[in-house]
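Throw the hints in and build the complete structure from the sequences for me.
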Amino acid sequence: MIIRQFTERDFKRIYEIEAMSFENSYGNDIILKLYKIGSGFLVAEINDYVVGYIIFWIKQEGEGHIISLAVDKN
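Counting in this note's numbering, the sequence shown runs from 63 upward without gaps.
Note that these hints are calculated values from the structure, not bench results. Computed from a predicted structure; not experimentally measured. One or more of the hints may lead you astray.
[Claimed, not checked] In silico BS3-like cross-links for lysine-lysine, where the CA-CA straight-line distance does not exceed 27 Å:
id	residue 1	residue 2
1	K98	K74
2	K121	K98
3	K135	K95
4	K74	K135
5	K95	K121
6	K95	K74
So, in structure tokens, the structure goes:
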């Protein structure tokens, strides 16, 4: 498994995982806005296939907030 920075090419797959994981998932527009305003955004991939992600915000040194965290249920 590789953990790496999110890129815009991951967007569709992240939204698929978000939608399958949460009944009230964030919409496409919110996920894209979080990325564009500089939220931390990492993806986990296996064999070049994204299987999970985390979106987070660093409040101050040593303190952060997890906005969304999900993995493909398969």
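Status of each hint after checking the structure:
1. K98 <-> K74: holds (15 Å)
2. K121 <-> K98: holds (17 Å)
3. K135 <-> K95: holds (25 Å)
4. K74 <-> K135: holds (16 Å)
5. K95 <-> K121: Between K95 and K121 the Cα gap is close to 18 Å, so the pair holds against 27 Å.
6. K95 <-> K74: holds (14 Å)
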